[in-house]
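Taking full-length UniProt numbering, the leading residue of the sequence shown gets 1, the next gets one more, and so forth.
Hint data in this document are derived by calculation from the structure and do not stem from the laboratory. Every residue gets a Cβ at the ideal spot worked out from N, C-alpha and C, and that includes glycine. Be careful, since some hints might not be right.
[As the list claims (entries may be wrong)] Think about it this way: if two alpha-carbon atoms lie no more than 25 Å apart in a straight line, the pair counts; the simulated PhoX-like pairs of lysine-lysine are: (1) 121 - 91; (2) 189 - 215; (3) 215 - 202.
[Said to hold, decoys possible] Per label pair, the in silico range of CB-to-CB distance: (4) 176 - 202: 13 to 21 Å; (5) 27 - 137: 49 to 57 Å; (6) 110 - 68: 57 to 65 Å.
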Amino acid sequence: MGMDEYVDVPRSTRTGEERTVTLYGNSTSATVSGLLPLTQYSFSISAENAAGMSEFSPAVIYRTLGEALTSAPLIESVRNTSEGCVNVTWKGPPNAGDSVTGYRLMVHRMGTGTMREWHTKGNEHSLCGLPFNSAFMISIEADNGYGYSPSATGIFYTDQSVPDGPPENVEAHAVSSSTVTLTWSAPRKPNGIIIAYQIYMKRIKDNSLRTVRLKVRGETPSRYAYNISDLGKIFCRE
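Given the sequences, and given the hints that come with them, work out the whole structure.
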């Protein structure tokens with residue numbers, strides 16, 4: 001005579017919570033779902049037929065696997081510090097306790113496909129080597145050994161800095177006996193918005209130096225041209 005049903009009783013050894021799962025037929029395996037992650041349970045099984053129910057089997061103790069945290073960290077601040085560096089601080093996910101083993105920080109430069117990644121165990125980190133005068137999106141995820149949590153995201157901007165190198169492709173063309181046209185390209189890495197160019201002029205074998213300041217307004221072009229006229233008068237002025 002076959003068994004009509006089996007009764008499986010999982011009990012949490014931490015909370016004492018008890019559940020009963022009833023299986024019909026001669027099945028000798030069962031999947032119990034809805035359990036808490038990383039929790040130890042005891043399992044006992046009883047067999048039942050038309051005459052009644054047997055005693056429960058000795059308990060089997062088993063711990064469920066863990067799972068990634070379901071809440072994101074909380075970004076507190078992102079601030080520029082030294083050149084090309086920003087300092088980031090954050091809090092762990094709510095109710096994470098001491099389960100967090102580390103954090104993953106990902107920084108995407110907006111408008112490009114570039115991305116950098118950092119790993120740290122603390123709640124503060126300095127991100128260095130970032131391009132100047134650029135927009136970035138930062139993502140922070142918490143790791144508890146079973147996967148990464150949802151991301152906390154934010155937008156930040158790096159500060160401007162002195163241009164890396166001078167203007168390039170400087171050329172001079174004589175227009176008349178007293179006028180020269182200068183052309184040049186912007187520095188390869190301006191590290192910010194160019195607001196002016198300083199043109200220095202001096203005659204060969206003459207220590208007299210003159211300057212012209214050219215202000216840049218509106219959109220910054222990549223190539224410039226400027227006429228300097230009345231050179232004789234410029235260098236004769238005292």
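Point to revise | Supplied distance hint 13 to 21 Å, evaluated on CB atoms of residue 176 and residue 202 | key: Given a distance of about 20 Å, which is inside 13 to 21 Å, the answer is holds.
Practice item. Please work out if residue 189 and residue 215 have their alpha carbons no farther apart than 25 Å. Key: It holds: about 19 Å lies between the C-alpha atoms, which stays within 25 Å.
Review point. Does the structure keep residue 215 and residue 202 at a Cα separation of 25 Å or less?
Key: holds (21 Å)
Review point. Between residue 121 and residue 91, does the CA-CA distance stay at or below 25 Å?
Key: Given that 25 Å is the threshold and the Cα spacing comes to 12 Å, the pair holds.
Check your understanding: Is the hinted range of 57 to 65 Å satisfied by the C-beta distance from residue 110 to residue 68?
Key -> violated (27 Å)
Exercise for review: Kindly confirm whether 49 to 57 Å is satisfied by the beta carbon distance between residue 27 and residue 137.
Suggested key: holds (51 Å)
Violated hints amount to a single one, hint 6; each of the other numbered hints is respected by the structure.
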